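Line order of the protein sequences matches chains W and H. Taken in order, the first sequence gives residues 0 to 224; the numbers are from numbering that gives the first Met the number 0. Taken in order, the second sequence gives residues 0 to 224; the numbers are from numbering that gives the first Met the number 0.
Derived by calculation from the structure, the hints in this document are not laboratory data. Predicted, not measured: the structure shown is a model, and the values here were computed from it. Among the hints, erroneous ones may be present.
Stated by the list, open to error - Which chain W residues face chain H? A few, computed with CB under 10 Å, are given here:
id: 1; residue: Thr37
id: 2; residue: His144
id: 3; residue: Asp195
id: 4; residue: Gly197
C-beta: ideal position from N, C-alpha, C; glycine also.
2 protein chains.
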Amino acid sequence: MTTTTDRADAATAFDPGGTGHAGHAETGWDRRKRATRTALRYAAVALVEERGLSGVTVEEIAAEAGVSTRTFFNYFPTKEDAVIGWEPSAIAELVDHLLRRPDHERPVEAVRHTLAEVILPGDGDYRALLRRLQVIRSDHHLVAHYVLRFGDTEQALVAALAQRRGTDPATDRYAALVAASVLAASRVALMAWCEDEGRVPLGEVMAEHLDMLGAGLPEPTEARR
Amino acid sequence: MTTTTDRADAATAFDPGGTGHAGHAETGWDRRKRATRTALRYAAVALVEERGLSGVTVEEIAAEAGVSTRTFFNYFPTKEDAVIGWEPSAIAELVDHLLRRPDHERPVEAVRHTLAEVILPGDGDYRALLRRLQVIRSDHHLVAHYVLRFGDTEQALVAALAQRRGTDPATDRYAALVAASVLAASRVALMAWCEDEGRVPLGEVMAEHLDMLGAGLPEPTEARR
DNA sequence: TATGCAGCTTTCACTCGGTGCAACATACCC
DNA sequence: GGGTATGTTGCACCGAGTGAAAGCTGCATA
């Protein structure tokens with residue numbers, strides 16, 4: 000019901016200055032690729048929202064986006080990744096930000112600020128994020144895959160933290176612990192924000208959770224928190 | 000190299016009182032099933048250790064264990080699960096233990112004790128656990144799958160914690176946060192223990208990590224911790 | 001000991017996810 | 001305008017995973 004035609008040829012329909020916020024002169028190829036990627040993500044979310052993950056095949060998503068099945072796999076390694084909107088560049092960006100944080104900052108704070116800068120969509124497109132999270136939450140398999148991608152992020156963060164601290168990422172337990180627990184808390188915060196349908200600003204929800212983590216998980220006094 | 004024949008017909012070769020520590024009268028079927036399960040796990044770990052995850056097919060694992068491919072899938076939902084030794088019963092057991100912890104115990108402590116009781120192999124078979132963890136760590140895909148199963152465990156823990164606290168598991172953020180971060184810390188501890196090749200007792204490593212978490216992740220003072 | 005039942009294993013057929021490769025199309029640059 | 005880099009497609013293929021029906025195995029009866 001949702002679509003079927005409106006996005007059919009998104010691969011060739013160039014984005015008319017829509018989400019474009021790319022600084023350095025974008026070539027035609029880049030535009031085309033971004034359009035295809037967006038179309039695939041959009042199609043994936045829409046179809047899965049409608050029929051559930053197992054009710055949709057990659058072939059259908061590709062068709063909906065107006066590209067071949069093979070092309071789908073040129074953009075996303077798995078069906079799930081198209082739904083959760085996985086971007087390989089996101090991890091690199093995260094690491095980049097983390098390495099730029101001031102040296103005096105403690106690891107937990109550095110990671111915290113980094114996440115705040117990177118996860119929260121600067122363009123204010125919280126609606127899309129919320130919708131995607133709702134679709135993810137609706138399917139156990141998608142949640143699992145989401146957690147899995149957090150795992151990838153975690154590995155990258157450990158490497159970056161270790162670099163910051165001048166330690167060996169393979170043996171720096173503190174870095175591993177910080178990355179794992181802060182990411183876990185962030186994930187829970189995202190889910191809570193989603194559960195709440197975005198009424199409380201995401202930044203606040205994140206801060207709340209990370210504060211609790213930083214305080215050693217004290218049991219909330221008031222009932223129902 | 001490792002095997003090829005020694006375990007070939009483990010499905011029919013009954014376990015001669017080996018790992019058997021089942022209290023309530025075990026029927027022949029149970030013995031047979033346990034033997035098959037063990038053979039599959041063993042074959043999976045051995046073959047993957049030898050050739051890597053992608054160098055081994057389910058068909059080969061099944062053949063090595065002396066059963067058909069279809070039977071493999073009657074025991075494990077995925078190839079990865081056979082390697083990581085996933086047991087659906089483990090989660091139930093975890094929940095069970097958690098619900099039996101004394102009421103006055105704070106959530107973090109309750110989860111902590113539960114994990115200590117369930118994760119640590121009572122029969123002292125740390126060698127097998129260590130080997131399995133080493134195989135898992137050697138492959139990114141296996142690590143991801145391992146994290147994924149921790150995610151399943153997490154959901155079960157949240158439900159159990161919420162029940163304990165008399166809250167709604169869907170909205171109890173504190174339960175979600177505790178489950179997620181404690182499990183994350185435990186996972187990191189397991190990996191650290193493995194990295195260390197089991198020289199320091201697992202229980203100690205776990206305690207160290209959970210203490211750090213409970214203290215709010217203070218930056219270790221001494222260099223290299 | 002024979003017989004029936006229950007539960008496990010196997011075979012078969014099939015769908016779908018995912019990848020490598022070679023041919024084709026498109027945008028860019030000279 | 002022609003060459004080149006890059007993106008897209010079709011094709012062939014492999015392996016994971018599932019459903020269903022038939023066969024086998026152990027157990028509990030008479």
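Evaluated hints:
no.: 1; hint: Thr37; result: violated, 26 Å
no.: 2; hint: His144; result: holds, 8 Å
no.: 3; hint: Asp195; result: holds, 8 Å
no.: 4; hint: Gly197; result: violated, 15 Å
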